[in-house]
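**Student:** The residues making up each chain are set out below.
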Amino acid sequence: MFKRLGWLIALFLLAPVTSAFGADKLDTGDTAWMIVSTALVMMMTPAGLALFYGGLSRYKNMLNTFAMTFVSYCLASVIWMLWGYTLSFGPSQGGFIGGLSHVFLGGIGVDSLTGTIPTFVFVLFQMTFAGITVALVLGAIVDRMKFSSWIVFAVLWLTVVYFPVCHWVWGGGWMGAMGALDFAGGTVVHINAGMAGLVLCLVLGKRIGYGKEAMFPSSISLTAIGAALLWFGWFGFNAGSELAADGVAASAFLVTNTSAAIAALTWMFAEWILDDKPTVLGLASGIVAGLVAITPAAGFVSLSGALIIGIGAGIIGYLSVAVLKQRLGFDDSLDAFGVHGMCGIWGALATGLFANPAISGSAGLFYGNPKQLWIQFISILATAAYSGIMTLILVYVTKAITGGIRVTEDDEVKGLDSSLHGERGFEII
Amino acid sequence: MKKIEAIIKPFKLDDVKEALNEVGIQGMTISEVKGYGRQKGHKEIYRGAEYVVDFIPKVKIEVVVDSDQAEKVVEKIMAAANTGKIGDGKIFVFEIEEAIRVRTGEKGSDAI
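Protein sequences appear in the order of chains G and B.
Residues in the first sequence are numbered consecutively from 1, following the working numbering.
Residues in the second sequence are numbered consecutively from 1, following the working numbering.
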């Protein structure tokens with residue numbers, strides 16, 4: 001997303017600069033769009049993701065899934081303001097992490113600008129990304145993790161994993177400096193969350209009865225509504241990552257929608273051919289897979305790139321959850337790794353293939369810049385390795401703090417809604 | 001007196017009820033039940049995870065009639081609930097020892 005700074009400089013050099021594009025002047029159009037984008041991305045977590053994940057969890061664990069999603073967003077909202085923003089966007093400390101000059105948002109006022117928008121808007125926009133990233137992780141471990149452990153883990157994970165990785169890519173860190181292209185969070189959000197989910201579910205172990213008893217989703221209807229809200233919010237996520245209301249934002253909007261649509265169709269047809277029926281869950285999953293894959297590429301690829309990225313996402317997503325997971329036998333309950341990790345990796349690589357200089361000046365392999373693919377590969381590897389290793393350490397730290405991370409067998413069988421929250425998601429006679 | 005218990009496909013309930021009304025049956029008890037016989041269950045696939053659903057929803061009708069009516073009632077139910085396909089259900093006939101109307105204390109045929 002901070003490619004924009006580069007374009008600003010280019011614009012200064014190449015074209016007669018209009019005052020609206022001055023880097024230190026507020027633009028009301030950009031500001032209005034970014035406020036709306038921020039609200040759109042906010043909705044993705046407690047509405048979109050909560051319904052998407054809640055509908056997929058079992059009827060007895062639906063409220064617990066909602067609770068974990070809501071609490072993730074609340075925790076991220078608070079700690080982002082206290083120390084998250086400064087660790088991500090403070091003055092770079094060797095390219096690894098931001099300095100502490102903006103703890104408690106120190107030094108930022110109503111007149112502070114980031115590009116053409118108030119820094120407060122930028123702070124909030126970025127906060128919503130931290131919120132959804134940590135919430136994405138929980139898809140891997142629903143139905144069995146202690147709520148207290150989730151809270152401790154979420155705070156630790158944001159601080160030790162998300163903030164540094166965010167800094168690497170967008171905050172002036174080494175990955176951005178290396179030239180890695182990540183428009184709206186393929187590495188920072190999706191690969192990061194997918195890897196963390198994978199590690200967490202491997203340490204936590206399978207759900208009781210996994211592979212033996214039927215584990216029906218509580219409501220595919222809610223999951224479908226959740227997918228629709230995610231799709232809607234994703235326009236803020238991707239087109240908003242331009243940080244301006246301009247042509248690149250419009251292009252990002254367009255390719256985001258196209259990729260989601262064709263990925264949904266691809267997943268649906270793959271299922272129809274291989275599993276006999278076109279399911280609503282397949283459509284909903286395909287939408288999310290397509291959105292994930294286009295995220296890093298949104299401001300860099302044109303329509304043709306988006307179509308290929310979407311088709312790839314539909315196939316890779318479907319194979320990851322329906323074939324790969326079943327073969328390997330790990331219990332990534334709602335496929336945080338299968339959808340976000342795998343399609344995030346595909347999207348980050350595809351950005352290195354299809355980045356079209358006509359969109360925002362960056363070229364991928366198919367536009368004569370093979371080096372970009374290598375840079376993308378390094379950024380994927382580094383993010384996955386860092387996220388995986390640090391998550392593993394943090395899981396054990398959490399375990400020590402909360403005395404185990406898994407609920408008792410009794411509670412798990414009874415269901416977490418009742419045993420942890422004392423509530424029920426449905427009243428069915 | 002006999003009790004006739006019929007387990008049928010849910011969408012056939014209205015047809016059966018009307019057929020029984022035609023032969024003068026004044027009341028019945030129904031319940032939604034689940035089970036399987038030769039029809040077996042079906043499978044559902046969620047993201048590649050295949051679950052077999054053994055128990056299929058059915059409707060159970062219970063009706064108590066005079067012994068001489070029983071055969072006709074059974075025929076009516078059979079005719080109304082029949083689709084010719086596997087899974088149409090079953091009918092069981094029981095001997096009833098006594099029937100009592102709670103409000104008045106009437107017994108036997110008067111109570112049904």
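No lab work stands behind these hints, which were simulated from the structure alone.
Since this is a predicted model, take the numbers as computed values, not measurements.
One thing to keep in mind: the hints can contain errors.
[Claimed, not checked] Straight-line alpha carbon distances no greater than 30 angstroms define the calculated DSS-like cross-link-like pairs of lysine-lysine that follow:
{"no.": "1", "chain 1": "B", "residue 1": "Lys17", "chain 2": "G", "residue 2": "Lys60"}
{"no.": "2", "chain 1": "B", "residue 1": "Lys40", "chain 2": "G", "residue 2": "Lys325"}
{"no.": "3", "chain 1": "B", "residue 1": "Lys17", "chain 2": "B", "residue 2": "Lys2"}
[Said to hold, decoys possible] Here's a subset of chain B near chain G, in silico, CB distances under 7 angstroms, partners left out:
{"no.": "4", "residue": "Ile25"}
{"no.": "5", "residue": "Tyr46"}
{"no.": "6", "residue": "Arg47"}
{"no.": "7", "residue": "Gly48"}
{"no.": "8", "residue": "Tyr51"}
Just so it is clear, CB atoms sit at the ideal spot from N, CA and C, and this is done for glycine as well.
**Student:** Which numbered hints does this structure break?
**Tutor:** 1 and 4
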